[in-house]
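If you're matching positions, the sequence shown starts at 120 in our numbering and goes up one per residue.
Do not rely on the hints blindly, as some may be mistaken.
[Unchecked claim] What follows is a set of in silico ranges between Cβ atoms, one per label pair, in the way DEER data are often shown:
1) Arg206 x Trp233: 33 to 41 Å
2) Glu203 x Leu135: 31 to 39 Å
3) Arg212 x Pro239: 29 to 37 Å
4) Gly147 x Gln240: 35 to 43 Å
5) Ala199 x Gly147: 24 to 32 Å
6) Glu198 x Ala219: 36 to 44 Å
7) Gly147 x Leu234: 28 to 36 Å
8) Glu192 x Leu268: 35 to 43 Å
9) Glu136 x Val202: 31 to 39 Å
10) Tyr152 x Leu234: 16 to 24 Å
11) Arg175 x Lys211: 27 to 35 Å
12) Gln140 x Ala200: 13 to 21 Å
Just so you know, these hints were derived from the structure itself, not from any lab. Where a beta carbon is used, it is the ideal one built from N, C-alpha and C, also for glycine.
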Amino acid sequence: MIRLVFLVRRRPDLSLEEFQQYWRHEHGPLVAYHQTRLGIVRYTQTHRIGDPADERMAAARGGMEQPYDGVAELWFPSEAALVEAGRTEGGKRAGKDLLADEGQFIDLPNSPMWLAHEYPQVSPVHEIVARPASPVVKLHFPLRHVPSLTLEIGRAHV
């Protein structure tokens, strides 16, 4: 299994509420529509809640870059399956359709993405989902290696 992780920032002309509304109710169903063409096994959206704790966490670390507005995660059976789906006519059309729609609400140049393997360190038996009505909150902590270290050495310290 391989995962595409997309740290998402909204376009500057949209409020957080407008961004989240569009992402969840317009773009989400569009991804679901293209699921088969792209070989997507799972798609999740993690929406930022804008809690005052964000500022406390930043202060405790001596400052941080501006928070992302959300995280999209798309799961694929393998990197090869992802590449192959993108080579089909349906996959190419789906990719163009999704990219065009992303431009409607995402600040694309400031929203990095990458492919990743997951290494669970703590994993409950059943899935726990953070939802607006539940007390569960999901924390994403994007890490960058110290510039004086190579990426490989930085990964070894995570």
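Indices of hints not satisfied (ascending): 1, 4, 6, 7, 8, 11 and 12
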